[in-house]
Amino acid sequence: MSFPWAKEYKPSHPFMKWMDDRLPLPRLVYNAVGSGYEVPRNLNYFWNFGFLAGLCLVLQIVTGIVMAMHYASNTAVAFDTIEMTVRDVNWGWLMRYAHANGASAFFVVIYIHIFRGFYYGSYKAPREMVWLLGVVIFLLMMATAFMGYVLPWGQMSFWGAKVITGLFSAIPLVGEPLQQWLLGGFAPDNAALNRFFSLHYLLPFVILGVVILHIWALHIPGSSNPTGVEVKSESDTVPFYPYYVAKDGWAIGVFAFLYCLMVFFFPNALGHPDNYIPANPMSTPAHIVPEWYFWPFYAILRAFTQDFFFIPAKLMGVLAMFGAILVWFFLPWLDKSPVRSGSYRPMYKKFFWFGLIPAMAVLFYCGGAPAEEPYVMFSQIAALYYFAHFLIVLPIVSAIEKPLPLPYSITESVLGEDEAAKLAPSA
Amino acid sequence: MARILSILVGLFFTVALAWSFVLGAITAATEPSPLTAEKKFHLGPKEVHFSFDGPFGKFDNQQLQRGFQVYKEVCSACHALKHVAFRDLAALGYTEAEVKAIAAGFSVPGVDPNTGESTMRPGAPTDYFPSPFANDVAARAANNNAIPPDLSLITKARHEGSAYVYSLMTGFQEQPAELLKEFPDAKTPSGLHYNPYFANLNLAMAPPLVADGQVEYGDGTKSTVDQMSKDVAAFLTWAAEPKLEKRKQTGWPILGFLLFATILGYMSYRNIWADKKH
Chain X
1 MSFPWAKEYK
11 PSHPFMKWMD
21 DRLPLPRLVY
31 NAVGSGYEVP
41 RNLNYFWNFG
51 FLAGLCLVLQ
61 IVTGIVMAMH
71 YASNTAVAFD
81 TIEMTVRDVN
91 WGWLMRYAHA
101 NGASAFFVVI
111 YIHIFRGFYY
121 GSYKAPREMV
131 WLLGVVIFLL
141 MMATAFMGYV
151 LPWGQMSFWG
161 AKVITGLFSA
171 IPLVGEPLQQ
181 WLLGGFAPDN
191 AALNRFFSLH
201 YLLPFVILGV
211 VILHIWALHI
221 PGSSNPTGVE
231 VKSESDTVPF
241 YPYYVAKDGW
251 AIGVFAFLYC
261 LMVFFFPNAL
271 GHPDNYIPAN
281 PMSTPAHIVP
291 EWYFWPFYAI
301 LRAFTQDFFF
311 IPAKLMGVLA
321 MFGAILVWFF
331 LPWLDKSPVR
341 SGSYRPMYKK
351 FFWFGLIPAM
361 AVLFYCGGAP
371 AEEPYVMFSQ
381 IAALYYFAHF
391 LIVLPIVSAI
401 EKPLPLPYSI
411 TESVLGEDEA
421 AKLAPSA
Chain G
1 MARILSILVG
11 LFFTVALAWS
21 FVLGAITAAT
31 EPSPLTAEKK
41 FHLGPKEVHF
51 SFDGPFGKFD
61 NQQLQRGFQV
71 YKEVCSACHA
81 LKHVAFRDLA
91 ALGYTEAEVK
101 AIAAGFSVPG
111 VDPNTGESTM
121 RPGAPTDYFP
131 SPFANDVAAR
141 AANNNAIPPD
151 LSLITKARHE
161 GSAYVYSLMT
171 GFQEQPAELL
181 KEFPDAKTPS
191 GLHYNPYFAN
201 LNLAMAPPLV
211 ADGQVEYGDG
221 TKSTVDQMSK
231 DVAAFLTWAA
241 EPKLEKRKQT
251 GWPILGFLLF
261 ATILGYMSYR
271 NIWADKKH
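Chains as they are written, first to last, in the UniProt record's numbering: chain X, 1 to 427; chain G, 1 to 278.
No lab work stands behind these hints: they were computed from the structure. Small disclaimer: the values here were computed from a predicted structure and weren't measured. Every residue gets a Cβ at the ideal spot worked out from N, C-alpha and C, and that includes glycine. Just so you know, not all the hints are guaranteed correct.
Pairs of lysine-lysine, DSS-like flavour, derived with a Cα cap of 27 Å [what the hints assert, rightly or not]: (1) X/Lys422 - G/Lys222; (2) X/Lys232 - G/Lys58; (3) X/Lys10 - X/Lys162; (4) X/Lys162 - G/Lys156; (5) G/Lys276 - X/Lys10; (6) G/Lys156 - X/Lys7; (7) X/Lys7 - G/Lys277; (8) G/Lys58 - G/Lys222; (9) G/Lys277 - X/Lys232.
Derived list of chain X stretches under chain G, where covered just means 3 residues or more per stretch with a C-beta under 8 Å from a C-beta of chain G [said to hold, decoys possible]: (10) 141 to 152; (11) 175 to 187; (12) 301 to 312.
Here are some chain X residues pointing at chain G (derived, C-beta under 8 Å) [unchecked claim]: (13) Met16; (14) Lys17; (15) Met19; (16) Val89; (17) Trp93; (18) Ile220; (19) Gly222; (20) Tyr243; (21) Tyr276; (22) Ile277; (23) Leu331; (24) Trp333; (25) Ile381; (26) Phe387; (27) Glu417.
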C-alpha cells in the first residue's frame with residue numbers, strides 16, 4: 001500500500017521499460033527506498049537506526065563470508081585458523097576485527113532501534129506485525145551472535161557455550177537428554193562446534209529474510225513518527241528519495257566513523273581477554289561472562305538465586321531470561337493506550353525514563369560484573385522493575401493515564417498550523 | 001482479561017525476584033562473604049609507557065630486538081611462541097640472513113629423509129617457534145605441575161597485557177608480613193613464588209629475570225631487570241599483535257576520509273532539506 005500522492009515509477013529508458021514489464025525490480029526498489037515511498041517529514045534521528053541495522057547486517061554477512069573462507073570448525077584447529085587469518089591472510093586482521101566489532105555495532109544499533117520503538121509506541125496498531133517480526137529478528141540475532149562467539153574456541157567460547165547450553169538441562173524431565181542431543185555430546189565439543197558453525201552461517205540469511213518481511217510489513221501502513229499521529233495528507237510526508245536517503249547517508253557517515261574508530265584503535269576493548277586463551281575444558285575461568293550485549297539478560301538469569309515454591313532457581317532464571325524477551329511479543333496488547341508516542345503520555349514517559357532505562361542500565365552493568373553481592377541484589381531490583389514495567393505498570397498506566405492533546409497532523413506539529421485542520425470537523 | 005493475566009504473570013516473576021532478593025539480603029547481612037588474600041593483595045598492572053601506546057604508537061624495533069633476545073635466552077626455555085614463525089622476525093628489522101641464522105639456532109621436530117624416523121633438525125624461516133616440551137605431560141613434569149603457557153597471545157589474553165607482563169616480571173617479592181598476619185593459611189606453598197600481579201598471588205614460575213646484566217644487549221642498552229622486563233613485554237606485544245602498527249596507520253586515512261564524507265553528507269542533507277521544515 002502507499003499513499004495516493006506517492007509518485008509512480010515511470011521508466012524513461014526503453015530498457016528499463018522492457019524490464020519493468022517483465023520483472024519490475026526497479027519499480028520495487030523505487031517504491032521501497034526511492035521516490036515512491038512517502039515518509040513522515042518529522043522523523044528524528046532515532047529513525048535512522050533501522051537503516052543502520054540493515055547496513056550492519058550486510059557488513060556482518062560480507063565480513064563473515066570472508067572469515068568463513070579461512071576458518072575450520074574443528075576443535076583441534078579452530079583457534080589456530082583464526083590466528084592464522086589475523087596474522088597471515090592479507091587484511092585478515094581487518095576482517096576479523098570488523099566482524100567482531102561489527103557484532104557489537106549491530107547490537108548498539110538494534111538496542112537503540114528497539115528502545116525507540118518502546119518510547120514512541122511503534123508496536124501499536126497497525127504496526128504489530130512489524131514489531132513481532134522485529135522481535136523475531138532480535139532473537140535470531142542473539143542466537144547467531146552467541147554461536148559466532150563460540151567459533152574461535154577460546155576459553156570464553158567454550159565456557160559460554162557450556163553455560164548457555166547447560167540452561168536446557170533446567171527443563172524438567174527432558175532437559176538433559178535434550179541438551180545432549182543439541183550438543184551431540186555431554187559437553188560442547190567437535191560436534192557442537194560444527195553445528196554452531198553451520199547455523200552461524202545459516203541464520204544471518206534467515207535474518208535477512210525476516211528483515212525483508214519486516215520492511216514489507218512496515219511499508220503497508222508506512223513509517224510511524226515522533227508524534228505518533230498517522231499521516232493525513234501530502235504535506236505530512238516527503239519522498240524517501242532524496243530526503244531520507246540524504247539523512248540516512250550522513251547518519252551512515254557518523255556511524256562508520258565511530259565503528260572504524262573501534263575497529264582500528266580499540267579492536268579488543270569490547271572482547272574478553274580470556275578468549276585469547278585456547279579452550280580448555282579442564283580449567284574454568286574465574287568469571288564466565290558473555291559478550292556485553294547479553295549482559296542484561298545474563299543478569300536476569302543470575303538474579304534468581306532461590307527456589308520459588310516447587311520451581312528450582314535455575315529453571316526460574318531460564319524462564320525469566322527468555323521471558324524477558326518473549327514479553328516484547330505481547331507489548332501491542334499490554335499497552336492499550338490509544339496514544340502512540342511517549343511524548344504525549346506524561347505517566348508512561350516517566351516510567352520509561354526513570355524506570356525502564358535505569359533498570360536496563362543496572363542490568364547491563366551487573367550482567368558483566370561477577371556474581372557477587374552487591375551486584376546480585378542490584379540486578380534483582382532492576383529485574384523486578386523490568387518485569388513489573390512490562391507486565392504490571394504498562395497495562396495499568398495505559399488504562400488510567402490522561403494523555404496530552406495531540407496535534408491535528410504531522411504538518412501542524414511541524415509548521416504550527418495545518419490549513420486542513422481548519423476545514424476539518426472538530427474532533 | 002489480558003490485563004489481569006499479564007499482571008498475574010508479572011507478579012509471578014516479581015515475587016520470585018523479591019523472594020530471592022530478601023533471602024540474599026539476609027544472607028549478605030548475616031554472613032558477609034569473607035575477605036580473601038587474593039581480594040586484598042592482588043594488584044592491577046603497574047603504570048608503564050610503551051612506544052606503541054596511543055593512536056600514533058609505533059613499535060621500537062631496537063626494543064623489539066632486545067625483547068626478542070630476552071625471550072630467546074630466558075623465556076624460550078619453558079615457553080613456546082607457536083603462532084609466530086621465524087620469517088615474521090623480519091618485521092623486527094632483521095635481514096634475511098639473520099632470520100635464517102636465528103631459525104637455525106632452534107631445533108624443530110622433523111623427519112629423517114632417509115629413514116623416515118622422527119628426528120630434530122635445524123629450524124628454517126618458514127618454521128614456527130618450537131615448544132620446549134614434547135607434550136603437556138612433559139611440560140607439567142618439568143614445572144611443578146604447571147604448564148608454562150604459550151606466549152604468542154599473552155598480552156592480549158590478560159587485561160592490560162603489556163603492562164601485565166612488565167609487572168609480573170618485576171613483581172616477584174617476599175610475601176608481605178601483613179598478609180601472613182591476616183591470612184596465616186595463605187602462606188605461599190613451597191615450589192610456588194609470591195607475585196601480587198598474578199591473579200591468585202602464587203605462581204609456579206620462578207623469577208625469570210633476577211639480575212641486571214643477565215642478558216647482554218648488543219646495542220649498548222643497560223640490561224637492568226626493569227629494562228629487560230619492558231623489552232620483553234614490548235616483544236610479546238608485537239608477537240600477539242604484529243599488525244598493530246599497520247592497523248593504526250590504516251585507521252587514520254580511513255577516519256579522515258569518513259570525516260570528510262560525513263561533512264559532505266551533512267551538507268547535502270542540509271541542502272536537500274533546506275525547503276522542508278521538519
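Taking the hints in turn, this is what the structure says about them:
A C-alpha spacing of about 88 Å is found between X/Lys422 and G/Lys222, which places the hinted pair above 27 Å, so the restraint is violated. Note on X/Lys232 and G/Lys58: the hinted pairing is violated, with a Cα-Cα distance of about 60 Å set against a maximum of 27 Å. Straight-line distance between C-alpha atoms of X/Lys10 and X/Lys162 comes to about 57 Å, which puts the hinted pair past the 27 Å bound. Restraint check for X/Lys162 and G/Lys156: the C-alpha separation of about 23 Å stays at or below 27 Å, so the hint holds.
Distance hint between G/Lys276 and X/Lys10 is fulfilled; the C-alpha atoms sit about 25 Å from each other, no more than 27 Å. A C-alpha spacing of about 55 Å is found between G/Lys156 and X/Lys7, which places the hinted pair above 27 Å, so the restraint is violated. For the hint linking X/Lys7 to G/Lys277, the alpha-carbon distance of about 21 Å falls within 27 Å, and the restraint holds. Simply put, G/Lys58 and G/Lys222 have alpha-carbon atoms about 22 Å apart, close enough for the 27 Å limit, and the pair holds.
Restraint check for G/Lys277 and X/Lys232: the C-alpha separation of about 17 Å stays at or below 27 Å, so the hint holds. Restraint check on the region 141 to 152 of chain X versus chain G: 0 residues with Cβ-Cβ distances below 8 Å, three needed, restraint violated. For the region 175 to 187 of chain X, the stated coverage by chain G is not satisfied: 0 residues place a CB nearer than 8 Å to a CB of that chain, which falls below the threshold of 3. Here the region 301 to 312 of chain X counts 6 residues with a CB under 8 Å from a CB of chain G, which clears the bar of 3, and the coverage holds.
Of the supplied interface hints, the one on X/Met16 is violated, with its beta-carbon coming no nearer than about 24 Å to a beta-carbon of chain G, more than 8 Å. For X/Lys17, the interface hint is violated, the least distance from its beta-carbon to any beta-carbon of chain G being 28 Å, above 8 Å. With its C-beta approaching chain G no nearer than about 28 Å, X/Met19 sits outside the 8 Å limit, and its interface hint is violated. The beta carbon of X/Val89 is not positioned within 8 Å of any beta carbon in chain G (closest approach about 11 Å), and the interface hint is therefore violated.
For the restraint placing X/Trp93 at the interface with chain G, the shortest Cβ-Cβ distance is roughly 4 Å, inside the 8 Å limit, so the hint holds. Checking X/Ile220 against chain G: minimum C-beta separation of about 24 Å lies over 8 Å; hint violated. Interface restraint check: X/Gly222 against chain G, minimum CB-CB distance 16 Å, threshold 8 Å, status violated. Hint status for X/Tyr243 relative to chain G: holds, with the closest Cβ pair at about 6 Å, below 8 Å.
At a threshold of 8 Å, the smallest CB-CB gap from X/Tyr276 to chain G is about 4 Å, leaving the interface hint in force. Annotation: interface hint on X/Ile277 holds; nearest CB of chain G at approximately 5 Å, less than 8 Å. Interface hint status for X/Leu331: violated, as the beta-carbon distance to the closest one in chain G is roughly 10 Å, over 8 Å. Evaluation of the X/Trp333 hint against chain G yields a held restraint, the C-beta minimum of about 6 Å falling below 8 Å.
Because the smallest distance between the Cβ of X/Ile381 and any Cβ of chain G comes to about 7 Å, under 8 Å, the interface hint for this residue holds. With 8 Å as the threshold, the beta carbon of X/Phe387 comes within range of chain G, its nearest partner Cβ sitting at about 4 Å, so the hint holds. The criterion of a C-beta within 8 Å of any C-beta in chain G is not met by X/Glu417, whose closest approach is roughly 12 Å, and the hint is violated.
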